[in-house]
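The primary structure of each chain is shown beneath.
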Amino acid sequence: MLARCARCQSTFTTDHYGTQACPHCSAQIVLEDPFASKPPASSEAPQPSAQPTVPDQVVAGAPPPGSPPASQPTSGSPPHYGAWGPPPGWAPPPVGADAPVSSPFAQRERLGFVNAYLQTWKMVALDPARFFRNLRIDETGSAVGFGVISGTLGTWFTVLFTLILPQTSLEAINKLLEGLPNAAELPHLTTGLLDGFALGIALIAPLSTLIWMFLLAAIYHLFLMVFGGAHRGFNATLTAVGYARGLSVLMAIPWIGGIAAGIWGLIAVIFGLDETHRCGMGKAVAAGFGPSILSCCCCCVPGITLMTVIMAKAAGA
Amino acid sequence: MRLAWKKTARFGVPEIFAGIAALSFLVARFVPVLRLPGLCPFKLITGLPCCTCGMTHAFVHLAHGELGRAMAANPAGCALAAAVWLFAVLDLARIAVSAPLPDPSPRAWRALAVMGVAILGVNWVFLLVKGVS
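Here the protein sequences line up with chains A and B, keeping their order. Heads up: the first sequence begins at 3 in our numbering, then just goes up one per residue. Heads up: the second sequence begins at 7 in our numbering, then just goes up one per residue.
If we strip away everything but chain A, and leave its shape as in the complex, we get (with noise of 0.2 Å):
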């Protein structure tokens, strides 16, 4: 059954009543069972409210009694649910259209791989706000795994690319490079240097991918913690970025593909913290390009500005 946690509000998975833990925020809970019998309630400690539950619903967790009270997320504006728990005749979300749901890379085993793999894909490319909506936010594993695989096939394909560059394109961006600033500073690129590089790059994709990965949703949910958006916690992040990540697979389009996919995958992010963190589409953006103005005023801005001085060039010829 699903339960959520009264203190953070995430949901988790879990397969037994009774005292635990939250695995997002280590909150003492208590998931009571609707077919034990009760007993007499105390005059002292009142009881949170009884949830009523069923196998497969969500459920909401309330400390145990005598545990000392936490503090409430203070950030955003959540309801006030006073030291612990919800307010009286609060209920479970019904299930339906707002109860959490795995994405279909999390039901590979179900689906198959290649169909989970594919759907998810189609899913976050052309409606990331409805995917990430109800996303479950505990099942970072297969966000992250989504992400390593599609980053790594998008590397891969790059090296691809740079391997078959024949010699008359590198003079031609070697002339191009000529008359920049620091030009100096470049080494003259030669087919066997690209080449070294680019196996370099390929066998450690996969591992730069997944540090990568982890880098930028710590940069992300640094930006959303100063903008005050980080509602809920960590995994939501990587969640968004994880999935996100899908979109690197578009570098296999020739020239254009990194382009897209960096800009595809920045929209999809700015849909992916909006709905995972529920904090409003302006901190979603402003936490969006906080790593775009660190690192992309590095890569983006003058890759665009290098790209359009190519392009230039090229009409001229």
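Hints are not guaranteed to be accurate.
Residues from chain A that keep clear of chain B, each with C-beta distances beyond 12 Å, as calculated [stated by the list, open to error]:
{"id": "1", "residue": "A101"}
{"id": "2", "residue": "K124"}
{"id": "3", "residue": "L128"}
{"id": "4", "residue": "I151"}
{"id": "5", "residue": "L201"}
{"id": "6", "residue": "I258"}
{"id": "7", "residue": "W266"}
{"id": "8", "residue": "G284"}
Just so you have them, the derived chain B footprint on chain A, three or more residues with Cβ under 8 Å [stated by the list, open to error]:
{"id": "9", "segment": "102-115"}
{"id": "10", "segment": "225-232"}
Pairwise CB distance ranges, derived in the manner of DEER restraints [to be verified]:
{"id": "11", "chain 1": "B", "residue 1": "P106", "chain 2": "A", "residue 2": "L162", "range": "45 to 53 Å"}
{"id": "12", "chain 1": "A", "residue 1": "I166", "chain 2": "B", "residue 2": "G71", "range": "40 to 48 Å"}
{"id": "13", "chain 1": "A", "residue 1": "Q30", "chain 2": "B", "residue 2": "F36", "range": "43 to 51 Å"}
{"id": "14", "chain 1": "B", "residue 1": "V128", "chain 2": "A", "residue 2": "I258", "range": "34 to 42 Å"}
{"id": "15", "chain 1": "B", "residue 1": "S104", "chain 2": "A", "residue 2": "V287", "range": "39 to 47 Å"}
{"id": "16", "chain 1": "A", "residue 1": "F115", "chain 2": "B", "residue 2": "L98", "range": "33 to 41 Å"}
{"id": "17", "chain 1": "A", "residue 1": "I166", "chain 2": "B", "residue 2": "A102", "range": "48 to 56 Å"}
{"id": "18", "chain 1": "B", "residue 1": "S111", "chain 2": "A", "residue 2": "I166", "range": "50 to 58 Å"}
{"id": "19", "chain 1": "A", "residue 1": "G282", "chain 2": "B", "residue 2": "P20", "range": "25 to 33 Å"}
{"id": "20", "chain 1": "A", "residue 1": "G198", "chain 2": "B", "residue 2": "G127", "range": "31 to 39 Å"}
Treat the hints as calculated values from the structure; they're not laboratory data. Just so you know, even glycine gets a beta-carbon here, dropped at the ideal spot from N, CA and C.
On the provided structure of chain A, position chain B as indicated by the hints.
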């Protein structure tokens, strides 16, 4: 401000970041990364350093115990390298003794994040001034 502590799984997200930090030390110490050509597109186009320019030099110099050269290359990078390597060591020790993980409040996290971004901004000004002069 009272710091809370929480029990976590033996291997989780903090340990992945600790692993990345440890790997960054090994690469900075034993791989000749400075022999690779510098390729910051921002510097290439504008002639000015970006906010993370010199980070690789800072990591490599600090990994070789050259604090002065690391600070000169990128002060924020030097501080970041020291912080992440210290985190890796502390996390390893924490796992060894099964100690809980510090759990700062959201307010404290946000203050740290704002401070980090502000330090990066000041660092960029330093690099620009240094690069121009």
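Okay, the hints, checked on the actual structure:
1. A101: Holds, since 25 Å exceeds 12 Å.
2. K124: Holds, since 28 Å exceeds 12 Å.
3. L128: Holds, since 30 Å exceeds 12 Å.
4. I151: Consistent with the label, A:I151 stays out of reach of chain B, its closest Cβ about 18 Å off (over 12 Å).
5. L201: holds, 15 Å
6. I258: Fine: 18 Å to the nearest Cβ keeps A:I258 off the interface.
7. W266: holds, 20 Å
8. G284: Correct as stated: the minimum Cβ-Cβ distance to chain B is 17 Å, above 12 Å.
9. 102-115: Answer violated; 0 residues pass the 8 Å Cβ test.
10. 225-232: holds (count 5)
11. B:P106 - A:L162: 45 to 53 Å: holds, 48 Å
12. A:I166 - B:G71: 40 to 48 Å: With a Cβ separation near 44 Å, A:I166 and B:G71 satisfy 40 to 48 Å, so the hint holds.
13. A:Q30 - B:F36: 43 to 51 Å: Holds, at about 44 Å.
14. B:V128 - A:I258: 34 to 42 Å: holds, 37 Å
15. B:S104 - A:V287: 39 to 47 Å: holds, 42 Å
16. A:F115 - B:L98: 33 to 41 Å: Hint holds: Cβ distance 35 Å, inside 33 to 41 Å.
17. A:I166 - B:A102: 48 to 56 Å: holds, 50 Å
18. B:S111 - A:I166: 50 to 58 Å: holds, 54 Å
19. A:G282 - B:P20: 25 to 33 Å: holds, 28 Å
20. A:G198 - B:G127: 31 to 39 Å: For A:G198 and B:G127 the Cβ distance comes to about 37 Å; the hint holds.
Checked against the numbered hints given earlier, the structure breaks only hint 9 and satisfies all the rest.
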